[in-house]
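A.B. asks: All chains, full assembly: derive it from the sequences and hints.
2 protein chains.
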Amino acid sequence: MKRTFEVAPWHVTTTQWDPENKRLQESMTSLGNENLGMRGFYEEGYSGDTLEGLYLGGVWYPDKTRVGWWKNGYPKYFGKVINAVNFIKLPIKVNGEQLDLAKQTPSDFKLDLDMQAAKLTRSFTAEVGGTQVEFNFERFISAATKELVGQRLTVKNLGDQAAEVEVSSLIDADVRNEDANYDEQFWNVLNTATEDNHALMTAITKENNFGTERFTVGFESSVKTSMDQVDTVKTEQQVGLVYRQNLSAGAELTFEKRSVFVSSRDFADEEAIVDRLHGLTSELDQANFDDLLAAHTDEWADRWTKSDVKIAGDDEAQQGIRFNLFQLFSTYYGNDSRLNIGPKGFTGEKYGGATYWDTEAFAIPVYLGVADPAVTRNLLMYRYNQLDGAFVNAQEQGLKGALYPMVTFNGIECHNEWEITFEEIHRNGDIAFAIYNYTRYTGDKSYVLHEGSKVLTEISRFWADRVHYSQRAGKYMLAGVTGPDEYQNNVDNNWYTNLLAQWTLKYTLEVLTEVDPEVAQDLQVSDEEKAHWQEIVDQMYLPEDHELGIFVENDGFLNKDLKPVSELADSDLPLNQNWSWDKILRSPYIKQGDVLQGIWDFIDDFTPEQKAKNFDFYEPLTVHESSLSASIHSILAADLHKEDQAVEMYERTSRLDLDNYNNDTVDGLHITSMTGSWLAIVQGFAGMRIRNDQLHYAPFLPKKWDSYQFRQQFRGRVIEVTVDANGTKLELISGEPLTVDLDGQTVDLK
Amino acid sequence: MKRTFEVAPWHVTTTQWDPENKRLQESMTSLGNENLGMRGFYEEGYSGDTLEGLYLGGVWYPDKTRVGWWKNGYPKYFGKVINAVNFIKLPIKVNGEQLDLAKQTPSDFKLDLDMQAAKLTRSFTAEVGGTQVEFNFERFISAATKELVGQRLTVKNLGDQAAEVEVSSLIDADVRNEDANYDEQFWNVLNTATEDNHALMTAITKENNFGTERFTVGFESSVKTSMDQVDTVKTEQQVGLVYRQNLSAGAELTFEKRSVFVSSRDFADEEAIVDRLHGLTSELDQANFDDLLAAHTDEWADRWTKSDVKIAGDDEAQQGIRFNLFQLFSTYYGNDSRLNIGPKGFTGEKYGGATYWDTEAFAIPVYLGVADPAVTRNLLMYRYNQLDGAFVNAQEQGLKGALYPMVTFNGIECHNEWEITFEEIHRNGDIAFAIYNYTRYTGDKSYVLHEGSKVLTEISRFWADRVHYSQRAGKYMLAGVTGPDEYQNNVDNNWYTNLLAQWTLKYTLEVLTEVDPEVAQDLQVSDEEKAHWQEIVDQMYLPEDHELGIFVENDGFLNKDLKPVSELADSDLPLNQNWSWDKILRSPYIKQGDVLQGIWDFIDDFTPEQKAKNFDFYEPLTVHESSLSASIHSILAADLHKEDQAVEMYERTSRLDLDNYNNDTVDGLHITSMTGSWLAIVQGFAGMRIRNDQLHYAPFLPKKWDSYQFRQQFRGRVIEVTVDANGTKLELISGEPLTVDLDGQTVDLK
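Protein chains in written order, with full-length UniProt numbering: chain A, 1 to 750; chain B, 1 to 750.
Source of the hints: derived by calculation from the structure; they are not laboratory data.
Check each hint, because a few of them may be wrong.
Pairs count within a copy or across copies, as identical chains cannot be separated in the list.
Result set (DSSO-like, lysine-lysine): computed pairs, CA atoms no more than 30 Å apart in a straight line [stated by the list, open to error]:
1) 76 with 64
2) 156 with 583
3) 704 with 611
4) 563 with 530
5) 583 with 530
6) 350 with 71
7) 704 with 642
8) 350 with 445
9) 76 with 350
10) 445 with 71
11) 156 with 103
12) 71 with 583
13) 475 with 613
14) 93 with 156
15) 506 with 445
16) 445 with 750
17) 310 with 454
18) 103 with 76
19) 642 with 400
20) 583 with 400
21) 563 with 506
22) 71 with 563
23) 350 with 703
24) 119 with 350
25) 530 with 400
26) 224 with 642
27) 350 with 613
28) 206 with 64
29) 119 with 146
C.D. replies: What follows is the structure in structure tokens.
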């Protein structure tokens with residue numbers, strides 16, 4: 001396999017100039033701080049193939065959607081993340097010639113993402129304007145000041161004569177989305193201004209037909225440099241400052257650009273935005289660049305202290321897990337409960353920054369372990385705050401209660417495939433399960449007994465209305481659903497969905513016995529309603545095949561031609577690139593764990609035999625064409641002591657993007673799938689479970705590893721788990737003493 | 001119910017000025033001649049609400065389709081009929097004021113479609129330019145000369161002073177589709193010219209991204225009038241001639257416009273098109289208007305002689321059946337085997353002029369009876385000629401053989417809902433069945449033993465590849481299909497589809513035993529292939545419920561909440577306007593006959609008890625929200641001697657558009673559904689069947705009718721069937737003697 005970057009424990013780095021893989025490099029060197037993020041594109045511009053993507057948290061556009069013939073209940077628009085105004089632009093000229101690596105092939109090229117410091121640097125030498133020049137770019141998106149992006153450029157004249165160097169610091173609204181339907185632009189510039197070393201632009205997202213929020217954004221950049229300001233740029237879509245310096249032979253110059261971004265998400269109007277921009281800039285003007293950078297890296301150091309995973313004997317794995325955590329934290333660190341975790345975060349357009357069920361099913365179990373409970377709590381609050389949207393989604397289908405969206409920015413469903421939007425409703429159960437998961441892990445009942453009980457009640461009301469009673473079967477059923485396995489659409493009685501519906505009703509009934517009277521008063525759940533929920537719980541249909549000893553993914557599944565994936569030709573795989581959708585739907589092949597997803601959720605509720613029979617039946621039919629698939633299978637394989645298979649599955653998830661396994665990392669990183677490697681190590685290899693308020697471990701050491709060590713937060717403590725050839729070492733890094741279970745033995749941590 | 005038009009045996013006529021129902025009137029007064037057609041919009045222009053639709057047979061545009069996330073096998077474009085250059089335009093001014101009935105309310109208004117003469121006239125008096133003027137418009141689209149549209153206008157000055165009348169004869173390319181995505185235009189004008197009383201325009205459909213044929217069209221109009229030509233119009237998108245006359249008090253003027261249309265469908269290039277236009281016009285210039293009109297009405301008289309249905313005692317029914325046949329013949333009369341029958345013909349944009357399975361399932365059984373066999377044979381040739389497209393459609397799904405499209409202009413699938421395009425594959429069986437139907441009815445084996453055997457073989461190859469063998473069930477199955485009942489999507493083992501697949505294989509094997517050696521040589525069906533087909537025939541799974549004694553529409557159908565439609569609230573109906581698609585899909589309600597469609601196809605193969613049990617089970621669950629539904633139910637009800645129900649179902653189809661039952665006739669007429677009333681009368685009330693080469697009748701007389709009489713073609717004869725209180729009278733109008741069966745008695749017709 002051809003690697004784009006070298007294998008290094010803390011770095012994503014290369015010294016190869018590799019324009020063929022430019023987009024891939026851009027994806028992998030993305031930076032973000034939850035408030036905004038960007039791909040690792042070149043600030044000076046690049047006339048070759050590139051995807052200049054810069055995205056703002058929570059800023060999106062409702063695009064017209066046409067799904068054949070629109071029918072009642074179809075989403076009215078398709079929400080898309082939009083490429084933001086490019087405020088980091090730094091075009092460079094030497095002796096009048098534009099620096100453009102598509103034209104001047106660089107030497108001594110080095111591209112380096114330092115994951116520990118969360119900093120991107122790029123250095124090279126190029127012959128521009130008839131002279132050899134050395135360039136060094138630094139970039140960071142501050143984890144300490146959410147509005148700040150810092151850039152530093154040094155230019156050194158390696159020639160034997162003076163060279164005239166020109167650098168323009170621009171804010172450019174002339175940007176587009178590659179997925180724009182008619183090459184339209186999404187920004188209307190409101191105002192631009194320049195003063196001294198400052199340039200400012202305000203813009204608003206273009207009008208839409210759906211009455212959703214239009215976002216006003218403001219950017220201000222300030223420059224610190226030895227260069228002379230010689231001109232300003234002010235066009236309809238650009239504003240900026242031009243600097244020039246006659247750089248004598250062997251001399252070096254430095255150019256700093258600090259940009260801040262503020263939007264109507266936080267400020268009432270353009271005026272307030274501009275005030276805030278000025279306030280921030282004048283503050284930042286006082287600080288020097290290294291101090292701003294230090295405050296940022298300190299914040300990251302703290303994150304790593306709580307979450308770092310060390311792997312000895314496998315540098316690829318070491319780099320993989322750190323890259324995953326780095327990109328996950330860059331996308332979301334729980335600072336803003338209005339934001340969430342987009343499947344591609346700030347690294348591309350597809351899936352964009354929209355919210356999916358990935359958050360509850362895959363990200364929350366990780367954040368619970370690697371970050372403070374407040375981070376997860378904010379993700380739960382996000383759903384609580386979007387209840388109104390969930391009511392609308394249910395009403396659109398003519399149903400009671402709350403239907404959380406499959407894809408959303410504001411709580412309203414905004415994807416445009418009916419088989420997904422109103423059929424893949426298991427998400428409603430996953431969101432309920434996340435409340436249980438948070439409560440079980442943190443022991444904090446403050447959410448579930450207040451906001452959570454409301455969310456659970458309204459989800460339960462949805463389930464109670466969505467099921468129907470089959471006279472013939474004498475059971476409650478869920479018709480017309482799509483499970484996590486999206487390679488089976490519009491099926492009846494998806495076992496996973498039915499199980500989650502039943503579980504949600506059961507759990508809600510439990511929670512209702514604990515809530516305060518005034519909360520109960522507010523929820524208005526009558527005894528009849530409770531009785532009806534209980535009846536559904538008791539008579540829910542859960543397809544099962546006793547002969548095979550398995551749960552059946554959905555009605556009719558066993559009628560398919562059940563040939564294992566191993567019997568397919570290599571040329572068939574991946575199916576989604578080689579087969580028609582028709583053929584995929586009719587096939588028995590599973591995109592990602594479905595029955596097995598349910599077994600993972602409730603792993604302690606099944607016997608080893610049940611787990612084994614289902615795993616052995618379904619895994620051979622699974623093509624793992626969702627990046628979310630491998631981790632769950634790794635955990636279950638580990639649970640079943642299939643250690644080699646657990647490790648193989650881990651490897652698929654650990655370096656998915658670094659090694660571009662699915663050959664689609666050019667579009668952006670699989671952010672939510674990056675949770676997979678941590679889950680595989682902690683829940684898989686280390687067998688971490690929570691059972692009746694207690695931490696349990698049952699670790700094994702992968703053959704090719706010398707050791708692995710991870711830190712985990714649990715109820716106010718930080719616990720360090722080290723597994724090596726000598727066994728498992730548990731250490732309490734901080735917090736009160738605690739008793740845990742290791743391989744069935746009670747261990748007291750002090 | 002409010003009627004838009006009066007009830008009259010041969011006319012669709014009204015004297016009410018009714019702008020609220022303008023679009024409805026336009027739909028109902030559409031004219032066509034297979035080569036082109038138009039809605040009854042006003043040639044002088046109308047600034048109020050109107051849908052000016054003029055469409056050209058076989059001229060379409062492949063529109064970009066976005067169906068959420070495009071997957072392999074999805075159609076690449078959405079084919080749409082495009083609104084043609086408006087060449088019938090006749091703006092009128094009196095004393096400088098524009099005639100516009102949205103502004104000058106007319107008196108003595110009369111709008112009349114004469115179905116016998118196939119002519120549209122409109123007359124009224126209006127005060128324009130300060131004087132009372134009487135206008136009379138005549139319009140016809142020639143059935144004798146396919147390129148010709150004739151218009152005649154008379155203007156009479158009712159005032160007491162002279163008035164200056166101005167008439168412009170325009171060809172206008174500034175037209176749009178209402179369903180255009182971005183208000184785009186579809187025509188690029190190539191050339192315009194005027195000479196003497198002639199105006200000419202050539203235009204080409206705009207470029208598309210799919211490499212499909214671009215259509216070059218040419219229009220030439222010539223004017224005959226006493227008025228003076230005072231000016232010409234030549235803009236980017238318009239060309240024409242302006243005439244003026246000072247019309248003294250009480251005087252009248254006449255203005256004739258003859259327009260011809262020629263396209264690249266018939267001529268190599270623009271030059272050839274223009275030559276042909278000139279040739280036609282100079283020819284037509286010799287003839288006088290009344291002769292051109294006479295040639296047209298003679299052709300229609302001949303059509304009526306062969307097909308007229310007379311109903312005594314029910315004027316609504318009489319008008320209904322004639323309106324249906326009139327509009328059906330206006331859409332298609334078998335002159336061009338490259339054309340077919342669009343569900344809305346030339347009367348609107350939606351469904352447009354595209355080809356659906358409606359043709360084989362509903363139109364062919366009618367054309368067989370009312371027109372020469374050549375008409376139906378051309379419809380069969382249409383599919384034969386599009387075999388290459390059908391191969392592509394199958395290959396797109398990774399399947400062998402031929403998959404005929406659900407929607408097409410050129411043989412390639414061009415609709416954009418996956419649950420329809422590659423799942424509603426029963427159409428492939430309906431197309432095979434039509435070959436059998438033609439052969440059985442006409443006795444002409446020349447098609448089935450040559451082109452037909454090729455079509456059947458390739459369809460069979462598709463079925464043999466599309467089925468899968470279920471080890472578990474020990475049966476062949478069809479997973480992931482949609483039946484005629486589109487309210488159940490992506491189901492397994494739709495009984496109707498499985499039955500047609502099995503039948504096609506069986507019939508093809510029969511046909512292969514009869515074809516000539518050289519035909520067999522060309523088809524290359526090996527003994528192994530035949531054996532495999534036979535195996536599928538023998539082991540095809542056909543879901544059946546022995547307890548209920550019914551065939552099951554699809555797997556899982558009986559698990560639904562089987563509450564009859566009668567228990568729904570009125571406010572629920574029609575479901576497609578009041579329920580979400582989600583709720584409809586999960587419901588047991590049936591859009592149109594599905595199992596019953598199959599029972600109709602093979603009506604002699606089932607016992608009365610089987611027919612009764614299935615009818616009594618499914619009809620109460622059927623909402624008949626497809627305009628194709630009622631007729632089949634009428635026939636089956638008649639077959640089961642449920643005469644009142646048969647009549648009730650007939651009434652739903654007979655005046656569907658005239659009475660705007662589905663409240664959507666504003667969009668255009670339900671052309672293919674117009675076959676329903678003829679089917680209900682002939683196959684339903686008269687019980688017409690073909691059994692072993694013999695005609696059978698078992699008529700009854702609807703209670704409220706005094707009598708009905710229809711003419712039917714059968715193997716070179718025209719037979720007249722008259723049913724009244726005294727019984728049934730059969731008469732041989734032309735052709736060789738024939739023996740038929742009447743209520744089980746043999747009758748010799750001489």
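A.B. asks: Is the C-alpha distance from residue 445 to residue 71 at most 30 Å within one copy, between copies, in both cases, or in neither?
C.D. replies: neither (42 Å within a copy, 44 Å between copies)
A.B. asks: Within, between, both or neither: how does the pair residue 350, residue 71 come out at a Cα-Cα threshold of 30 Å?
C.D. replies: both (25 Å within a copy, 15 Å between copies)
A.B. asks: Indicate which option fits the pair residue 445, residue 750 if close means a Cα-Cα distance not exceeding 30 Å: within, between, both or neither.
C.D. replies: within (25 Å within a copy, 94 Å between copies)
A.B. asks: Is it within a copy, between copies, both, or neither that the alpha carbon of residue 76 lies no farther than 30 Å from that of residue 350?
C.D. replies: So residue 76 and residue 350 pass the 30 Å test inside a copy (19 Å) and across (20 Å) alike.
A.B. asks: What label fits residue 563 with residue 530 when the C-alpha limit is 30 Å: within, between, both, or neither?
C.D. replies: Only across copies: residue 563 and residue 530 sit 26 Å apart there, 44 Å inside one copy, limit 30 Å.
A.B. asks: Between the shortest in-copy and the shortest cross-copy C-alpha distance, which are at most 30 Å for residue 563 and residue 506: within, between, both, or neither?
C.D. replies: For residue 563 and residue 506, only the inter-copy Cα distance (29 Å) is at most 30 Å; the intra-copy one is 37 Å.
A.B. asks: Please work out whether the CA atoms of residue 156 and residue 103 approach to 30 Å or closer within one copy, between two copies, in both situations, or in neither?
C.D. replies: Close inside one copy (19 Å), not across copies (77 Å); limit 30 Å.
A.B. asks: If the cut is 30 Å between Cα atoms, do residue 76 and residue 64 qualify within a copy, between copies, both or neither?
C.D. replies: both (7 Å within a copy, 19 Å between copies)
A.B. asks: Pop the pair residue 156 and residue 583 into one bin, within, between, both or neither, using alpha-carbon distances up to 30 Å.
C.D. replies: neither (59 Å within a copy, 68 Å between copies)
A.B. asks: At most 30 Å between CA atoms: does that hold for residue 350 and residue 613 within a copy, between copies, both, or neither?
C.D. replies: neither (37 Å within a copy, 52 Å between copies)
A.B. asks: Regarding residue 642 and residue 400, is the shortest C-alpha distance of 30 Å or less found within a copy, between copies, in both, or in neither?
C.D. replies: neither (44 Å within a copy, 41 Å between copies)
A.B. asks: For residue 704 and residue 642, with the copy left unspecified, which applies at a CA distance of at most 30 Å: within, between, both, or neither?
C.D. replies: Within one copy only: 15 Å inside, 79 Å across.
Going down the numbered hints, you'll see the structure goes against 2, 8, 10, 17, 18, 19, 23, 26, 27, while the others check out.
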